[in-house]
Amino acid sequence: MALGEADFLRAARAIVDAAQAQGTSLRILGSLGIYAHSLHVPESISVLHRVGRISEGTPLFTDLDLMGYASQGRSISRVFESLGFKPDDMINGFFGDRRLVYYEAQNRFHVDIFLDRLEFSHDVLFGKKPSNGRLELDSPTISLTDMVLEKLQIHRIGRKDLVDLAKSRQLLGNFVAEGKVPADFAERIESRIGKLEAALQSVPKGRAWQKRAKVGTAKPWFREVEEIVR
5 MALGEADFLR AARAIVDAAQ AQGTSLRILG SLGIYAHSLH VPESISVLHR VGRISEGTPL
65 FTDLDLMGYA SQGRSISRVF ESLGFKPDDM INGFFGDRRL VYYEAQNRFH VDIFLDRLEF
125 SHDVLFGKKP SNGRLELDSP TISLTDMVLE KLQIHRIGRK DLVDLAKSRQ LLGNFVAEGK
185 VPADFAERIE SRIGKLEAAL QSVPKGRAWQ KRAKVGTAKP WFREVEEIVR
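Numbering-wise, the sequence shown is residues 5 to 234 according to our numbering.
Some hints here could point you the wrong way.
[What the hints assert, rightly or not] Quick list of in silico lysine-lysine cross-link-like pairs, BS3-like style, CA-CA up to 30 angstroms:
| # | residue 1 | residue 2 |
| --- | --- | --- |
| 1 | Lys223 | Lys155 |
| 2 | Lys199 | Lys215 |
| 3 | Lys223 | Lys209 |
| 4 | Lys155 | Lys218 |
| 5 | Lys199 | Lys218 |
| 6 | Lys132 | Lys209 |
| 7 | Lys209 | Lys155 |
| 8 | Lys155 | Lys184 |
| 9 | Lys155 | Lys215 |
| 10 | Lys199 | Lys209 |
| 11 | Lys199 | Lys184 |
| 12 | Lys132 | Lys90 |
No wet-lab data here; the hints were simulated from the structure.
Note that this is a predicted model, so its numbers are computed, not measured.
Produce the complete structure using the sequences and hints provided.
Pasting the structure below:
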């Protein structure tokens, strides 16, 4: 039986806390991380319901994504073994230096642990150890900055990711027109997107960036992502 949102978040927090108690860094990422940061704003949760990101009778979360450090790979394995999780021996054997997969004892969900970086359309780097890594910026999730990067790096982005990020102005405009998102809420999102765009444009561009910009879209500038079949 699938877990509800509150129970799923509690289960994720329990894993992060168990790891922390053993001196191991794990942080929640993905949609669950965004959900965790939205709980103090009831309006955000109601918007997720209205736009269809959360559907009645359908579990919002079916698997858990975590970020950790490869240098702590063995201690991460010990944490999950102590909690009764079952390892995916094939994936862990082939990809254990950058990704680990574990299954909850009752098989209600599985856990993907990404190590040091997210490698999808583009890389999002988190460092290699607690002394200089990004996981210590927030808890129990990755930082809000990294959550935005996690979504922005997706080239072939899906509707759920657009809703999570509230990135698409067209989608946002449709939600306002349909009465699903209050106009003042949409204006706040628009304002923040504008500030982000201005910051991106104002950052000085290095020679490598300028050289790549001259190539343009004739050559793909992103990585095609193929999901591992479990």
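Hint check, failures only: Failing hints: none at all.
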